[in-house]
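Student: Protein chains in written order, with this note's numbering: chain G, 1 to 178; chain C, 1 to 197.
To be clear, the hints were calculated from the coordinates, so they are not data collected in a lab. No false leads were mixed into what you were given.
In silico DSS-like pairs for lysine-lysine, Cα to Cα no more than 25 Å straight-line:
1. C:65 to G:28
2. G:152 to G:49
3. G:149 to C:120
4. C:120 to G:150
5. C:120 to C:77
6. C:35 to G:149
7. G:150 to G:49
8. C:77 to G:152
9. G:49 to C:120
10. C:35 to G:49
11. C:77 to C:65
12. G:49 to G:149
13. C:65 to C:120
14. G:152 to C:120
15. C:65 to G:29
Being a predicted model, the structure only gives us computed values, none of them experimental.
Okay, here's what each chain looks like letter by letter:
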Amino acid sequence: MLLTLLNVVSSWAIPLLLLIIPVYGFIKKVPVYESFVEGAEEGFTTAVKIIPFLVGMMVAISVFRASGAMDYLIHFLAPITSRIGAPAEVLPLAMMRPLSGSGVLGLATELMRVYGPDSFIGRLASVMQGTTDTTFFVLTVYFGAVGVKKYKYSLATGLTADITGFLAAVYICNLLFR
Amino acid sequence: MLNAVWLLLLASGIIVAAFNGNIDVVTEAALGSAKGAVEVCFDLVGIMALWLGIMKIAEHGGLVKGLARLMRPITIKLFPSVPAEHPAMGAIILNLSANMLGLGNAATPFGMKAMQELQKLNNGSTEASPAMCTFLALNTSCITLIPATIIGVRVSFGSSNPTEIVGPCIFATAIAMIIAVSLDYWFRTRSRWRKSK
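So that you can see chain G by itself, here it is in the shape it has in the complex (with noise of 0.2 Å):
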């Protein structure tokens, strides 16, 4: 039931707002086409402004993952996480999850693949997929259109909400499905 709710949400939202936004401007007497135009022609150059800054983040990500060197921090946390209750099965997970958004969907199907998706480790994998954002990544493209290289605290700030968004998926998961 809830299923199929959100099947249908989910294939029918982008259809239906490329058909209301449009009806309703033109509706309000919008040169509808033109402004489309208008709009996408911003699309190019914000999305090539941003390519420098990923350049630059993904190396450093990618290169700290490829060595090893995320596993050796994923070693030396696993005893004081599993305390909690998350098992060391989904540290990698929650290391991935602030640095790559593809990374963490691969990590989870895998999970699932592995464990089964109603496993607790396949369901607590799932509720980390699914809380919080690739906080690099938005950091990255969002700062980097409009040419901003001094984030300031938000690094501080998206890091916390990622730490904060695990403890609370294992907290409920533990809760819940325990």
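Since the structure of chain G is provided, determine the placement of chain C on it from the hints.
Tutor: Coordinates of chain C only, in the frame set by chain G:
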């Protein structure tokens, strides 16, 4: 802080690779991801153009301003430095709504538009304004009401109840969001206090 984090990620990776005797991995990862970053940006071009085009229609029709007016009681507290009917407000609201609905590819263009509008209020500085920090605090911790991707993965592995994780997801993000917004508020007011001294 960013300079330190960036250097730490890069340097610790290279040192670990050197100790493990697989330094070749570094070259491969660095060159591969540099190329990958450009591909990500080019993938964004079409999607950006589509959503910014649609948003321009909404803007010209007065829909963006209307949305901003509707949410004013909340946004005025979160963004005291942004005029209530400024175009930035509408873009912020569109971005957060798209995020909540799990429409990631629509959220990014709206978010960039919001940042560009906020940058106009920031006089083109290269330093983040408090409003930008608040927006990104909301954005990175935003609640997803429909985590469609992960539900899809659960369905494909034959879960007996693929949507059971929706409630826990909302709980966890709500907590993360409360912490992010409170922390942002603390940082924001603290820096103001510092400035006046």
